[in-house]
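Generate the whole structure from the sequences, applying the supplied hints.
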Amino acid sequence: MKVVGFCGASGSGKTTLLEGVVAALRRDGERVSVIKHAHAGFDLDRPGKDSHRLREAGAYEVLVASSKRLALLREFDAEVPPDVHALLGELADVDWVLVEGFKHAGIPKVEVWRASVAAARGDAPLYPDDPRVIAVATDRPQALPAPPGRPVFALGDVPGLVAWLRAQGERLQLHPDAACHD
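When we follow the working numbering, the leftmost residue of the sequence shown carries the number 1, and every step to the right adds one.
No lab work stands behind these hints, which were simulated from the structure alone.
Values in this document were obtained by computation on a predicted structure and should not be read as measured data.
What you were told as hints is all true, and nothing was included just to trick you.
Under the rule of at most 30 Å between Cα atoms (straight-line distance), these lysine-lysine pairs were calculated in the BS3-like manner:
| # | residue 1 | residue 2 |
| --- | --- | --- |
| 1 | Lys49 | Lys68 |
| 2 | Lys68 | Lys36 |
| 3 | Lys36 | Lys103 |
| 4 | Lys49 | Lys36 |
Cβ pair distances, simulated, as ranges:
| # | residue 1 | residue 2 | range |
| --- | --- | --- | --- |
| 5 | Gly156 | Glu61 | 37 to 45 Å |
| 6 | His175 | Ala92 | 16 to 24 Å |
| 7 | Asp83 | Pro128 | 24 to 32 Å |
| 8 | Ala92 | Gln168 | 19 to 27 Å |
| 9 | Gly169 | Gly149 | 18 to 26 Å |
| 10 | Arg31 | Gln142 | 31 to 39 Å |
| 11 | Lys36 | Ser67 | 22 to 30 Å |
| 12 | Ser67 | Arg150 | 42 to 50 Å |
| 13 | Gly20 | Pro145 | 20 to 28 Å |
| 14 | Pro145 | Ala23 | 24 to 32 Å |
| 15 | Arg26 | Leu70 | 13 to 21 Å |
| 16 | Gly20 | Arg150 | 16 to 24 Å |
| 17 | Gly156 | Arg31 | 23 to 31 Å |
| 18 | His175 | His52 | 32 to 40 Å |
Glycine included, C-beta positions come from ideal geometry on N, C-alpha and C.
Here's what the structure looks like:
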């Protein structure tokens, strides 16, 4: 499977870009999974639903399955920072895994940089110092604070980005013995 991350500040457009990338890959018949970083305490189940009641009762894991969907909820006794490689091991075999967030993960990444968000937040981009950032997707290439030294895509250029990602071949291939640490 090929693995690539998408990182950037909240509000920069990561999820919107990922929606387009997922749809483009699926249109070509490829199987795609997504790993998304979430803040502590997020919920997929709602109060009153059986899965929520069982989790609240103390179940370590609640696996909800139907003929069309499976969801696994796991509770940790203590906070455990998620590790991308461990999460990759939880997934079924697919053609692509797109990882949203996990900006410090040891995987190839596309940095999503929106000028207005960067200006408002004052966040420094990762690409000047992180060799794992292999491309930048942005709304204003001319406003990038440092020369990227890697391919730059418009946020709306999903076809161009997907074509480039496909051309990366071996560079994005996950090797089972590869060490990757967040």
